[in-house]
Structures are given as structure tokens and as C-alpha cells.
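K.L.:
Here is how the chains run, residue by residue.
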Amino acid sequence: MSTDVLAPVLTAWTAVCRYDRLEPDRGVAALLDGEQVALFRCGDELYAVQNRDPVTGAYVMSRGIIGSRGDVPTLAAPLHKQVYDLRTGRCLDLPGVALVSYPVRERDGLVEVLLDRSAPPSLLRRPPGNGRPDGR
Amino acid sequence: MSGEPVGATGGELVVVGNGMVGQRFVEALRARDTGGRWRVTVLAEESRPAYDRVRLSAFFDGADADELNLHTPDDGVTLRLGEAATGIDRDRRVVTTAVGEYRYDALVLATGSYPFVPPVPGTGLPGVFVYRTLDDLAAIRAYAAGRRTGAVIGGGLLGLEAANALRLLGLDTHVVEFAPRLMPVQVDEAGGAMLRRYVEELGVGTHLGVATTALHPGADGAVAGLSLSDGNRLDTDLVVVAAGIRPQDGLARAAELAVGARGGILVDPSCRTDDERIWAVGECAAVDGVCYGLVAPGYAMAEVVADRLLGGSAVFPGADTATKLKLLGVDVASFGDAHGTTPGCLDVTFVDPATRVYAKLVLSDDAKTLLGGVLVGDASAYPTLRASVGGPLPGPPLGLLAPADSGAGAAAGLAALPGTAQVCSCNAVTKDDILTAIGGGCADVPALKACTRAGTSCGSCVPMLKQLLDSAGVVQSTALCEHFDASRQELFDIVRVRGITSFSRLIAEHGRGRGCDICKPVVASILASLGNGYVLDGEQASLQDTNDHFLANIQRDGTYSVVPRIPGGEITPEKLIVIGEVARDFQLYTKITGGQRIDLFGARVEQLPQIWRRLVDAGFESGHAYGKALRTVKSCVGETWCRYGVQDSVGLAIALELRYRGLRAPHKIKSAVSGCARECAEARSKDFGVIATDNGWNLYVGGNGGFRPRHADLFATDLTTEELVRHVDRFLMFYIRTADRLQRTAAWIEAMDGGLDHLRSVIVDDSLGLAAELDAAMARHVGSYSDEWRDTLADPDRLRRFTSFVNAPEVPDPSISFTVERGQPVPERRPVVLGMPEVAR
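So the sequence lines, in the order shown, correspond to chains A and B.
Residue numbering for the first sequence follows the numbering used here, beginning at 1 and increasing consecutively.
Residue numbering for the second sequence follows the numbering used here, beginning at 1 and increasing consecutively.
Hints are computed from structural coordinates only; laboratory data are not their basis.
Owing to the predicted nature of the structure, the values given are computational and were not obtained by experimental measurement.
A portion of the hints provided could be inaccurate.
With a straight-line Cα cutoff of 25 Å, these simulated SDA-like cross-link-like pairs (lysine to any residue) come out [unchecked claim]:
1) A:K81 with B:T420
2) A:K81 with B:A486
3) B:K324 with B:R246
4) A:K81 with B:K466
5) A:K81 with B:G706
6) A:K81 with B:D740
7) A:K81 with B:C481
8) A:K81 with B:L658
9) A:K81 with B:S504
10) A:K81 with B:S561
11) A:K81 with B:P827
12) B:K466 with B:T420
13) A:K81 with B:R246
14) A:K81 with B:K324
15) A:K81 with B:N547
16) A:K81 with B:S815
17) A:K81 with B:Q555
18) B:K668 with B:L658
19) A:K81 with B:I816
Go ahead and model the full structure; you've got the sequences and the hints to work with.
P.N.:
Okay, here's the thing in C-alpha cells:
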């Protein structure tokens, strides 16, 4: 928990739901401090990315199909099927497009996400002009 | 002219004219002038930049001006639209316009041609038009509104295009041609006769071998009729003069440049005029005295001058005046010495009145060299033949001419072509160029187009490009995606024959990786088609696209729409009221669909079970609007009410919809039943459509609307209801087993070896011995159908996924909000960051 030690005020692991609430290879959406986060369980791995589809602006990424491209675990956007690297959030089909990805872990049967509260993620990590009222 | 070409070092280049050839010249020059030696100014008389005049008539088929646009912006080129050149001062080397003067070091004239209007009285009357520019066409369209009759003076290529345009505008159309046949320049007498039969069958009147002697005004002063040289008079509300074109050489004449004996700016084979700084290209140029009214020679001239201005030594290679076009739906092609004017030449003629095909080859006196030819009705042999002109015949003449259904003749001919033969004459691309591009990695037609420009103008050589790819051994992969080497059909057989019931087993044994958004829904659909129960049980849930996952249709804002099944479009007032109440209570936007049902928009995921609880309780079931599955069977009201109806179309439509509801397929399936031949249910635009006859039902298959609309083909006639159902059972099951992913029935039948006839033999004659299996599969489907929404509501586990947030199920998605438009809720418009790029697959 070195992160907690270094910046106890700015970051925190937040429990989201029970691990067995996640269906294999399927996502759920979670609301964390006003942020919408999409959570996925793929095999033994957990992934968390922004729920907002950067292409359409709709909050739907949790409903995408999980898969792989080569060795990369992937998520396909449900509206127009752009494919993203689940580990980094990088879009494999459109250059310069990415999802915010969040550290996520399972502990004591609970899924936890690490939120960075040092600044609103929307300011630091989103593309500009994302249309969210809290995005400026 | 000898020595270093003047002006080849660069400087100010002025181009007069921004037609197709002028535009091509600028593009060719800019592509080669990598050092930026020339500063280019283009003076254009028309107010819009270059557009595709060859496809001008597409304007009346619904294309807009943008679709015809040929101009791509280029920062290195100054384009002055609507600024016609008015004079050339050769001493001062300036071109003048109404606005100012443009100094040049080199001047390229690409002024094109103007329509020839015969000197007969009355051509200045209101209602008389020429057919040359988009503005002309827009004026014709505006004038034609509310008028009934149109006449075209001129039965050549342009005249027939104009006639088609008038037809499309709804006018009763006549063509007047001075020569004794249509298209006299391109086709011979017998070809002209065949063409006339086609044209007259379309309802276009032809008046051949007569001249127009005068145009007469009516009481309102606008044109009202034509006098013909045979003494007859033709009443008409509108006249299009399409009697040929003349080179636009007035500017050159005024500047005292030499012109050809029959007009046109006289140029040498380098396309230079008698002023060494002035060049001419396209229809305005007379190369060694000869003008060409086609785009391909113009493009060749454009390339020559671009080369010359950068120090090259290209010369005009001579023109290929071959033409292939579709006029009024008829293929017409002419190439080489079409009229057999070469001394001693021989003709081979093929006439088939039944299929209405006329073809003629002109051979050298020893019958070994192809000199030219004419094709009417079927021009599929044109690309091969045209490319063979001047060389040996690529096969026995009749084999080349007889309708090339199999394509075998054409393919053999292609192999025999020399490498230097032009495959694409519009862009001067040879067979060798294509093969080089294929060798360089071009693996499909779009790649070849991008790399060589072949097939990008008239498109007639595209079949040859495909054949060249095939003969080069380029195989289009049938692999579904990177996880499966098998096609959808092969996967279907693997799953069926081996009794596989899970994706994980299938990918472990027959694929690799974790799957993707392509193969997972395909396998989910295959499993569902084979009757593996509820589509969201266990692992199948992870395979479904979001629509199937939530049993609703996702919309742009992440909400869903709900479509209850309304079989045959028949609904009681009580059920209509329930739908209205549900829509009102959940504040859903309501719209009648094209499939005779009602779509309720704007439902959040957590609302879907509540909405469906109400609907199911009222007796509704899933409409499967979210699935690649049977959607609806539309119907007209039929004999029950309609005074024309001959059968109970509603009853049959309901029976069919209930029989095939929930059937998962490679793509959506739509159907309709019409109660008489008036076809109010639009059954022929459906995957399977039924039309009542006095004796039973006619079955049509393979129709669709959408991106590429297609009418269904008649499959069988006067069927009993029992026969009809058996045919449709087998048709659908055979489709589900053998079609590709996202292949509608139309494309499936088109791609089938043997096409509709083969399909008929499989379904009616059981030629593959499959019928019993197909029948049994459909019986299983019908027997095991269960409403997905009813099943979902009955199971708390299944309902769990209809949650907004896993950690806050009581909070609705705050990003969803609505405004009111025309009294109904619609999504709040959100700024979209990235537009809507589609992922190319």
C-alpha cells in the first residue's frame, strides 16, 4: 500500500461490489464519486476503464464485448465497435483516442478501484471538450 | 519546335477551364511538380468546381452535386470560380477576366466544348434547354415540374442521356434524330435497331431519319411543339437540344491561335499550340486537327502537358474512342473500327432476339486481328474485347460474344491479353500495371483502385480487376476473424455436427485467443439457431452484442428502444391502449415503424424489466427487433375487407410471423404478405414475400430495402398454404446454415453457385438431400420457441443485469437527459468529440 502511504489524502482504494457479482467476460458500470467506471472480469484479471465512449459521448463502455487481439485483452465499444486495449485504455482502431483506465484489484472478495483525487480525472486525462458539465 | 522547351523551368501557370480534363491536368501537374516549380491559377467559368460530367445524368437519379464533385482542395492552386477568361494578350502574356489580369509563363486552355444548337427557328424560346452543365440540369428539372411532354433533339449518346433524364422527371418523352438510327456514331444499323426496341419499350418515342425544322411557341410564348422534316408536328412542353458539341475555341480564335479545319484549337502531339507558351487539352483541342469528345483522350492530353511542363517529352498516344455506357438501362458499347471501314475487313455478328443481344466484331481480312466491334444489350465482353483491339482475338469469336453468364469466356480472354493492353482506358492503366500492383501487395479491388486509379472513372473494368486478382492467385480469406480460420458456414457445420454447445469449447478446439465482437455474436447466433435455449444463459451471455444482451435496441445516447411483437400488424384497441399507457408512464418517445409495429424509445436499462412486465402482462411478447432474427411479417388488410383482395393476407402473415418468431439468423429477416397483385404490403422488398393469386400464393425471395435496395425474385407460383410454409421453412433454414455473417438473403442468393435455380433445386427438388434435415430443424425451432422477455422476467438472476450501477442500483444514469420535441422526449444533444468514424473491417 505504498501509494496510500505516499499520498494518503489524494488516492484511495474504493470498494465497488462483491467479486462474484461480475459475470465472466462481461462488464458492469459503477458510480464512483460522480465518475462512471466500467468494470470487467476476464479470466483471473480485472480491468476498470471510463464508462464514457469517447467517440459518441454515451456512457456505455461497460456493455461492450470482451475479447482479444493478438495477446492484447480488448473491449469493443457497443455503439460503433472501436476496439480498445483493456490494460491501457488505448484505442487500437483510432489513433489518439483512449479510455481512462483505473487500477483495480480484488481483496477479501470485494472489487476495489483506486481513484486519484489529486485532480478531477476529467481535467487531466480526458480529451478536451467532452461535453460533461463537470469537465471544465 | 526544338531545343529546351520554353517555360519548362516553372513560374506562373494559368489554366483556363475547370472541367474534368482541366482538373485532371492540375492534379497530374501537382502530383509531379514536387519542387513547386509552378504557381497555378485556375480560371473557371462555372460557379462550382470540377464535377463528373460523364455521370451528369446521375443528378436525376438522386445524386446531388456533391456526389459528382471531382475537385479536391489544393493549397498550391488558386481556383477562381465564376471568373471566365475573356481574352488572351499573347504579347504581354496575360489572360484577362472581368475581374483582372493574370500573367502567365505557361497557359493551358481546357475550355471544353459547348452544345451545338442547330440553326432552326425557335431555339431561343422559353422551355428550350441544352444538356451540358449541372445548372442546365437544374433548370430542366425546375421547368419540368408539372409538365407532361418532353422532346430531345438528337438521338446520340447525349440525346439518349437527356431522354432518360426527362423520363425520370416523369415526362412523356420523344427523341428526334436526323440519322436513320439511334447513336449513329457508335453503333451500326442492326445495333441501332436493337437499341430502338429497348428504348421504345421504355415508352420513349423515337422519330428517326427526320430533322427538326422549327420550334413553335404556344399561347404563353413558351415552346409548345416541333415541326419535323417529314411534315409531322410533335407537341411538347419542353425541348432539350442535344445535337452534338463543338469545341470551345473562341478565346483561342480571338487570340489568333491556329484552329483546326473543323474547329478546335490546333495542337501538335505534345498538345502545344502554335504559341510555344500556350497548350490545349480536352474537347477544345484538335490534335493534328482531330477533336475528341470523350474524357479518356482528354485525360491522356492532360498527362502529356503535365509531363511537358516539367521538362518531359511525352506525346499524345492517339485516342481510344471506345465507349461503354448504360443508356436507359441498356448496355451499349462500341470500340475500335466499329463501322468496319478498314478495307477488306470481316464481320462476325451475333443476334439473339430472345435475349435481345446484338454483338458484332470487326476482324482484319485474315480474320486474325480484332479491329473493333459493337455490343448492344450485353456488354460484359467489352473490357476484354476493347483491350484486344489491334491484337489477336483472345478466343473464338462466338465464345466471346455469346452472353457470358459463366464468365469463363471473359476470363480466358483476359489471360490471353498482352501485358501492354489497357485494362482501364479511362486512366490508361495496362494489365501489366495491374499485375505489378497485385505483386506489390494490392489484395482487393479497392486497393487496386487506390494504387493504380484503374476502375475509378467509368468502372467498367472492375470485373476485370477481380478476374486479374483471381488469376494471380489472390484468395479473399473466408476466415471469420483472427480467432477462427473457418467461415460462418463452416463454423455452423462444426457446431452442428460435433454437437458443440459452448463458445469456450469451440474456440479451444477450433480457434485461438479469447474471441472478439465479430466471432462471439456469430457463435451466439449459431448456438441460438441450433436451439440451445435461452440466449443469455451461462456463458452465452458474454457472447451477445449489447442489443441481445439487454433484449432491446441501443440508441445513440445509451438508452434502449422497446418493440413488442404485433404479428402481421394486427392489434386490438385494448393492446394499443396498453402500449400508449406504458409509453406515457415511462415517458417514452413513440414512433410507428416500417414493419407495422410501435417502437418505444428512451428506456434506461433498469426500466426495461418494468416496461416489459407491463407488456407481458397485457399479452405482448418480444418483437426481436434487437436480434439478427425474424423481425416482422407485414400484411395488407386482404380479402377480409379489401374489395380487391383474393386471399386472407393478414391471417397468413400472422401464422408466418408466429411460426418464425425468435429464429436467429446471419442477419435480420423481413417478410410481408399481400392479398392481391396490387402488392400493398410491399412483399417484394422482403427477404421472403408472399403475394396472393386467385389460385394460392406466389413466393418471392431475396428482396431487401436498405443500403442497396433489391426486389425479390419470383421463386414459386400458385402454392397452397402448406406448400408455401414448407418452401419458406427450407429457405430460411438453408439460409441460416450457409450464409455468411451479416449476409442478407439477397447477397446470399447472388453469391450462390447457380443462384436462384440452385436454390430452387435444393428447396423444391431436394437436390442435396437436405430437405428432411431442414424440415426437422424448423420443426425443432417452432416447437421450442419461448418468449425471451417472459423467461427473463421469471428469473431474478437474469434480471440482475438490468442495473444502472452495480454499486448504486437506485441511481439512474445521470448522463441521460431529454428535451421535448414535437411533444415527445428526445435525447439532449451532446457535443460529440470525435464524430462517428466507423471501424473498417
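K.L.:
Now tell me, hint by hint, if it's right for this structure.
P.N.:
A quick look at each hint next to the structure:
1. In summary, the hint linking K81 (chain A) to T420 (chain B) is not supported, as the alpha carbons are separated by about 44 Å, beyond the 25 Å threshold.
2. With a C-alpha separation of about 22 Å, the suggested pairing of K81 (chain A) with A486 (chain B) holds against the 25 Å cut-off.
3. Distance hint between K324 (chain B) and R246 (chain B) is fulfilled; the C-alpha atoms sit about 22 Å from each other, no more than 25 Å.
4. The suggested pairing of K81 (chain A) with K466 (chain B) is violated, with an alpha-carbon distance near 29 Å, which exceeds 25 Å.
5. About 21 Å separates the Cα atoms of K81 (chain A) and G706 (chain B), which keeps this hinted pair within 25 Å; it holds.
6. Our distance criterion of 25 Å between C-alpha atoms is met by K81 (chain A) and D740 (chain B), whose separation comes to about 19 Å.
7. Restraint check for K81 (chain A) and C481 (chain B): satisfied, since their Cα atoms lie roughly 14 Å apart, inside the 25 Å limit.
8. Restraint check: the Cα-Cα separation between K81 (chain A) and L658 (chain B) comes to about 32 Å, which exceeds 25 Å; the hinted pair is violated.
9. Restraint check: the Cα-Cα separation between K81 (chain A) and S504 (chain B) comes to about 22 Å, which is no more than 25 Å; the hinted pair holds.
10. Restraint check for K81 (chain A) and S561 (chain B): the C-alpha separation of about 19 Å stays at or below 25 Å, so the hint holds.
11. In summary, the hint linking K81 (chain A) to P827 (chain B) is supported, as the alpha carbons are separated by about 21 Å, within the 25 Å threshold.
12. Between K466 (chain B) and T420 (chain B) the CA atoms are separated by roughly 18 Å; this keeps the pair inside 25 Å, and the hint holds.
13. The straight-line distance between the Cα atoms of K81 (chain A) and R246 (chain B) is roughly 54 Å, outside the 25 Å bound, and the hint therefore fails.
14. Between the alpha carbons of K81 (chain A) and K324 (chain B) the distance comes to roughly 41 Å, so the proposed pair goes past 25 Å and is violated.
15. The straight-line distance between the Cα atoms of K81 (chain A) and N547 (chain B) is roughly 13 Å, inside the 25 Å bound, and the hint therefore holds.
16. The suggested pairing of K81 (chain A) with S815 (chain B) holds, with an alpha-carbon distance near 21 Å, which does not exceed 25 Å.
17. A hinted pair counts as satisfied when its Cα atoms are at most 25 Å apart, and K81 (chain A) with Q555 (chain B) qualifies at roughly 14 Å.
18. For the hint linking K668 (chain B) to L658 (chain B), the alpha-carbon distance of about 16 Å falls within 25 Å, and the restraint holds.
19. At roughly 21 Å between alpha-carbon atoms, K81 (chain A) and I816 (chain B) fall within 25 Å of each other, so this suggested pair holds.
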